[in-house]
Amino acid sequence: MTGRVLSGLGRRPALTITAVIAIVVALTAGNGYYTLQLLSVACLYGVLAISLDLCWGYTGILSLGHAVFFGIGDYGVAYFGTRIGRGGSITPDPSVGSMLLGLLAGLLVAGAVAVLVGLLAFSGPSSDPLFPSVVTLALTVIGYTVALGMTRLGKDSGLFGYQLWPDRSVAWYVALAALLLVVLLGARILVRSDFGLLMKAIRDNELRCRFLGYPTSRVKLAVFVGSALLAAFAGGVYGAYQGVVSPPLLNFLFATEILIWVAVGGRGSLYGPVIGAVVLQVLGARLNAEFPFAWLLVLGALLVLVVTLLPDGLYPTVQSLISRLIDRRRTTGSSPDRTERELVEAEVVGAGGPVQLPGTAVVEIADVHRSFGALQVLKGVDLTVLAGEILCLVGPNGAGKTTLLGVLSDGTTAFSGQIVLRLPQQTNLAGQTPGRLTRLGVGRKFQAPNLFDGLTVGETMCLAARRGRLPLPWRRSRRIEIGPEALRILEASGLADRIDVRVSTLTHGLKQALELAAAVALRPRLVLLDEPTAGLTVEERAAVGALLRELAAGGMTVVLVEHDFAFVRGIADRMAVLHDGRTKVVGPVAEVADSPLVREIYLGVAR
Amino acid sequence: MLTVLNVLSAASILFVVALGLEVVLGIMGVINMAHPGLMAVGAYASLEASRRGVGTVLAMLLGALAVAVAGALLEPLLRRLYSRPLDTILATWGLSLVITQLIILAFGQAPVPFDGPGDGLTTIAGTAFSSYRLALIGVAVVLGLALQALVRFTRAGLLARAVMANEDLSRSVGVNTSRVRTTTFALGAGLAGLSGALIAPLAPLEPYLGVGYLIPAFLVVLLAGRSIGGLAVAVVVLSTTQTLVALHTSSIVAGIVLVVVAMLLLRLRPQGLLRGAAA
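From first to last, the protein sequence lines stand for chains V and P. Each residue of the first sequence is one higher than the one before, starting from 1 at the first, in the numbering used here. Each residue of the second sequence is one higher than the one before, starting from 1 at the first, in the numbering used here.
Fair warning: there could be bad hints in the mix.
For the chain P half of the interface with chain V, some residues (derived, Cβ under 10 angstroms), not all of them [to be verified]:
| # | residue |
| --- | --- |
| 1 | GLN109 |
| 2 | ALA110 |
| 3 | VAL112 |
| 4 | VAL151 |
| 5 | ARG171 |
| 6 | VAL173 |
| 7 | VAL175 |
| 8 | ASN176 |
Listing some non-contacts, in silico: residues in chain P with all C-beta distances to chain V over 10 angstroms [to be verified]:
| # | residue |
| --- | --- |
| 9 | GLN148 |
| 10 | VAL237 |
| 11 | ALA262 |
| 12 | ARG267 |
Keep in mind that the hints were calculated from the coordinates and are not lab data. Note that the structure is a prediction, hence the values are computed from the model and not measured. C-beta: ideal position from N, C-alpha, C; glycine also.
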């Protein structure tokens, strides 16, 4: 266990940490009490930067409210580190006990606030990525206003003088540097774990994660709350060390500064934000003393420049430059953080329950309607899908094929009519979320490849193979256990030799194959495939066709949308013609494909 | 009557401030955090103009024009960010920081008085009320109607609506979408500058004058759901809430209630107040 955790630290943290320490030591030149204090605070800002980086850089939640959580931590310690004296004046009264109590109180309040904000931001019907930013922006306003208004919190002048051990600055510095190091290593284990993969996958493509069966809203809530707690912890320790708090600590300007550390250092890289926080804090304190206002000008300009020109930030850019200089042979497509994962064939059980008898109904669709505004796309679809068959949906563009698959894979879509799933237990589709359907045994491949650009092939398969079971935040699996069918797709397409290649650099055909492998790795009972062979070569098509036949023979039910009639004739059992939002004909392929109706509406032959 | 006038006055100010944001968000899908900075530029530019002897109203218009030009120059800088909406928030906020600091360097941080076109009182139904604030209500109505007419009845408005509905398609049928974007951003910036100039006489002028309006303006714009009528409704709803709560408790509580009410409304109606949830 310990060995696994240690190996999770990866290959080169020592080098980077040494570099960080070297920078810090270099900045300590001209040592003095003031510098020591500056660096101690910088360590805590480093922790704060890590907390925001986990939230924003790794999970894609742009929080404008992390200053509030930091401030809540500080206010908690301030509240318990002071008391109301005679005449209502507030006097400092710090002790270790009150500090711990304050820290705990701060964590509790910050956690509760984060849960409320998170529920508001992530669980709504709107999946707009701007919404969490707006909610957290509003949080800074509320936090600032509350702090300004509460007498016990010192109103606009705040509270001060409650610091612990003010004369032991060296011990504080060592302790705070150690804290930063521990948090950094912990965060590193987290982002390199399988849970970290899931965080990055949500950042890149949240919708796809839901179709892999992951409860993304809950994951985002957990990351947000955890990140808020870390920020509040840093704030509490800051309070114990500095013994100062005032409303501007919760203000939007400080929230911006945290964002700037992370953005300039390099979001999604851990070291970058820490270096950004330390360097900008030390530099800022020096410049601010000499040229007030100019520093904010520099910060603002830096933010604009980095965000527009170097969105990855300085650290990853410098890192990739250096590694390119050192190792010219490295292929540009491979991820700098090599996965050390290997594909393993495993006996994977399906979604549970016995396999249905061939020929019994798996899906019963009755009179389904769906419209987008005034446009009616489905105008009464009736269809029964049988267990173990390959059913092909055909029809001209706009007939509603993709829309029907969309409804089948997401019961929360607005539709009318009745859809019953028997997988094998009977379930009414209406209201079932994509994640729930995936766990019930419905898999889907999208029409256009729709994957995680920042992940590698192996990482994508690792997430798909888990089928929505949440990974532990410290465990990094070495083996990707996938079923024989998915493994065969990877081997036949050549993806098995490219598991360390980033998805964004794959060709269209390989992305299609990966999509298919990811859908099949879910071991669904019912798989919905939207044009699985689009963009593939003739040989690849034949391989996909053979594979689908084999899956069906193994008891999997396949519904696919396909335009290639030759392909369909070769593999499908039955065919359903969709035209103008209605099912026109359903029957064995040979009969339907040659029927005059199909010739007329689909192939465009005059009657 | 005083309460009604107070609500209308607060609503009209918020409406004027939010119009520029609405234009930029509605047509470009960009949350323009540089808004407070641009407001400050408008206010200080009209201050500078009126110090040189230009009449107040003309000075305000000149201030707005200056900001519109600045907006047209700034827009190309943001162009590469349109596919990354979250990053636009950051970049425009960075821009706002830069602008505000430049104003501080040029004019100092101390509040400066700015005399409006008149500080008299007008009596309506037995209640004396600031004439300037009454005029602002009229200005808000006129601006809203003018903008609505611009979007509905002119060719420029048609192009803007086309880009809003489907930018790729518009480009493929020959609409110069980048010019539409530049014009839109300039218009939004000009409206920001105008609102800065218009609110300048209400309180001594300071570089952060727009920051306090940013969040309420954001909330109403999100609630408006890309329609100027929706914006008017959102502004009245929120201003009424805020003014009434402030009257009975304190302005701090009112500020919190405002944000919470807006958040809840947004949660219930993510598409905007005037649109049905299913649309």
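We went through each hint and held it up to the structure:
1. Nearest Cβ of chain V to the Cβ of GLN109 (chain P): about 8 angstroms, under the 10 angstroms cut. The hint holds.
2. With its C-beta approaching chain V no nearer than about 13 angstroms, ALA110 (chain P) sits outside the 10 angstroms limit, and its interface hint is violated.
3. Given the 10 angstroms rule on beta carbons, the hint for VAL112 (chain P) is violated: about 17 angstroms separates it from the nearest Cβ of chain V.
4. Taking 10 angstroms as the C-beta cut-off, the interface hint given for VAL151 (chain P) is violated, the closest approach to chain V being about 20 angstroms.
5. Among the interface hints, the one on ARG171 (chain P) is violated; its C-beta lies about 20 angstroms from the nearest C-beta in chain V, farther than the 10 angstroms criterion.
6. Look at VAL173 (chain P): its Cβ only gets to about 20 angstroms from chain V, farther than 10 angstroms, so that hint breaks.
7. At about 23 angstroms, the closest approach between the beta carbon of VAL175 (chain P) and any beta carbon in chain V exceeds 10 angstroms, and the interface hint on this residue is violated.
8. At about 23 angstroms, the closest approach between the beta carbon of ASN176 (chain P) and any beta carbon in chain V exceeds 10 angstroms, and the interface hint on this residue is violated.
9. Consistency note on GLN148 (chain P): stated as away from chain V, and its beta-carbon is indeed over 10 angstroms from all of that chain's, at 22 angstroms minimum.
10. The Cβ of VAL237 (chain P) sits about 16 angstroms from the closest Cβ of chain V, beyond the 10 angstroms cut-off, so the non-interface label holds.
11. With a least beta-carbon separation of about 8 angstroms from chain V, ALA262 (chain P) fails to lie farther than 10 angstroms from that chain, contradicting its non-interface assignment.
12. The claim that ARG267 (chain P) lies off the interface is violated: its Cβ sits roughly 5 angstroms from the closest Cβ of chain V, which falls inside the 10 angstroms cut-off.
Going down the numbered hints, you'll see the structure goes against 2, 3, 4, 5, 6, 7, 8, 11 and 12, while the others check out.
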